[in-house]
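K.L.:
Build the full structure now, drawing on both the sequences and the hints.
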Amino acid sequence: MAELTSEMAGKVQAVNIKVGQMITEDDELFIIEAMKMENVVYGDPGVVKEIFVKVGDKVEEDDLLAIIE
Amino acid sequence: MNLSNVFQGVGTLFYQDPQIAIARVVLIAIGILLVWLGKRGTLEPLIMIPMGFGMLAVNAGVLFFSATKTGTLFVDPLVSDTDGLMNALQIDFLQPIYTLTFSNSLIACIVFMGIGVLADVGNVLRYPFTSMLIALFAELGTIATFPIAHALGLSYGESAAIAIVGSADGPMVLFASLMLAPELFVPITVIAYLYLSLTYGGYPFLVRLLIPKEIRGTVVKTSKKNDVTSGEKIAFDVIACTILSLLFPVAAPLFFSFFLGNAIKEAGIVKYTQMIEDVFLYWATFFLGLMLGVLCEASTIMNPKVLILLILGMLALLLSGIGGIIGGYVVYLINGKKFNPTIGIAGVSCMPSTAKIAQHEVTAVNKRAVILQFAMGASICGVITSAIITGIYVSVIPQL
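The listed protein sequences correspond, in order, to chains A and Y.
In terms of this note's numbering, the first sequence opens at residue 153 and continues consecutively.
In terms of this note's numbering, the second sequence opens at residue 822 and continues consecutively.
Source of the hints: derived by calculation from the structure; they are not laboratory data.
Fair warning: this is a prediction, and the values are worked out from it, not measured in the lab.
Note that CB positions come from ideal geometry on N, CA and C, so glycine has one too.
Accuracy of the hints is not assured; some may be wrong.
[Said to hold, decoys possible] Lysine to any residue pairs mimicking SDA-like chemistry, simulated, CA-CA at most 25 Å apart: (1) A:Lys163 <-> Y:Leu1068; (2) A:Lys210 <-> Y:Glu1053; (3) Y:Lys1042 <-> A:Leu181; (4) Y:Lys1042 <-> A:Gly172.
[Claimed, not checked] To give an idea of the interface, some chain A residues facing chain Y are shown, with a C-beta separation under 8 Å as derived from the structure: (5) Glu155; (6) Glu159; (7) Met160; (8) Gly172; (9) Ala186; (10) Met189.
P.N.:
What follows is the structure in structure tokens.
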């Protein structure tokens, strides 16, 4: 089980995964907008267990985004 | 009926000095070009569309004030006596903006307040040594251009003003050139903003040229948690503002604006934060672009020194970019190759653009590498070091 955290403070612009979805390491899981710049969040391959943020949420650095199993 | 008196914009072209008349036509063409490049996104549209429009309109709309005097209804930047100013305020529609916000640097300070609201000094406090070292290296252009400019025949004040272009900080250049080279502040500031737009296109090439691909993708591991509290950040703002203002009173308005903006954000005053970011900052950016365009009237901007300034401005930004990357390499070597030297470019303080360029170039090689927090730290430090150097120039040069 791996906790996926945000590497930067910003606003969640897109959530491209659903709970239960199988992901690979190349999937673009989240897009976080920081300083008017879109940053893609990638994760380790696995199954999405839980998602903690939704579009429009403000996140801080190290905030938990999702748990990947 | 004399047609050149009816259509005076054209009529004045034949009356004026041929040099000025040709410059007017060229500046109209440049204005149109800037609007087009702004629309295409090649240059920053927020500045370039108002600036291009101002430039073309002010050079087209020249009329006869009397049989021997031509002028415009936009602004008179050269007016110095009170009576003349009262006249200009009633005739020129942009004179109030110029007199009340430009000639006293208020507009530069408002932009600075906006930058303060956008900045997160937490990254500076987390990596103070790295950020400061990179920012100091990235001042290479602001320092090294000064003696070069002086050797080319510019006065001390003019040399310092054009060297500040290397800080890649528009409002700083405006502030410095108004204090140090008031007679050349229009061309210097216009050149600064033009080049700043071009650095978005140019710096990525500099990064790719100076940093091999395999190093550019380096992931920077950090053990430090993001645990700087807002109270600590405000304490930093207060202390830095007090000390820097004590040391460099001439640049105190800049320090005050930047740190106040930052403290307002960290104090969580949402209404003020929104007001400064959404209203003040955009208002100031709009009028900055517009005024710079309008000030590019042929008869005021024509100066033989403009050509030298064009070259020196470019040199200053190039040297700062190289300096920043050298700084990045220094940290890379100190940290046993576990640092990404691309972050160095962010030390050139065009906040947050250069930090974004750094992240963008790193992502292009390694999409999982996130270096934005280091880059922002270096960028904010760059703003502070640039303000310090401006403070030194403005205090020392009148003593020379």
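K.L.:
All hints, please: hold or fail.
P.N.:
Going down the list of hints, with the structure as the test:
1. Between Lys163 of chain A and Leu1068 of chain Y the CA atoms are separated by roughly 38 Å; this puts the pair beyond 25 Å, and the hint is violated.
2. Only pairs whose Cα atoms come within 25 Å are accepted, and Lys210 of chain A paired with Glu1053 of chain Y is accepted, the gap being roughly 21 Å.
3. Of the supplied pair hints, the one linking Lys1042 of chain Y and Leu181 of chain A holds, its CA atoms being roughly 21 Å apart against a limit of 25 Å.
4. Distance hint between Lys1042 of chain Y and Gly172 of chain A is unfulfilled; the C-alpha atoms sit about 30 Å from each other, more than 25 Å.
5. Hint status for Glu155 of chain A: violated, given a least beta-carbon distance of 14 Å to chain Y, over 8 Å.
6. Among the interface hints, the one on Glu159 of chain A holds; its C-beta lies about 4 Å from the nearest C-beta in chain Y, closer than the 8 Å criterion.
7. At about 5 Å, the closest approach between the beta carbon of Met160 of chain A and any beta carbon in chain Y falls short of 8 Å, and the interface hint on this residue holds.
8. Because the closest C-beta pair between Gly172 of chain A and chain Y is about 24 Å apart, greater than 8 Å, the hint is violated.
9. At about 6 Å, the closest approach between the beta carbon of Ala186 of chain A and any beta carbon in chain Y falls short of 8 Å, and the interface hint on this residue holds.
10. For Met189 of chain A, the suggested interface contact is upheld, since its CB lies about 5 Å from the closest CB of chain Y, less than 8 Å.
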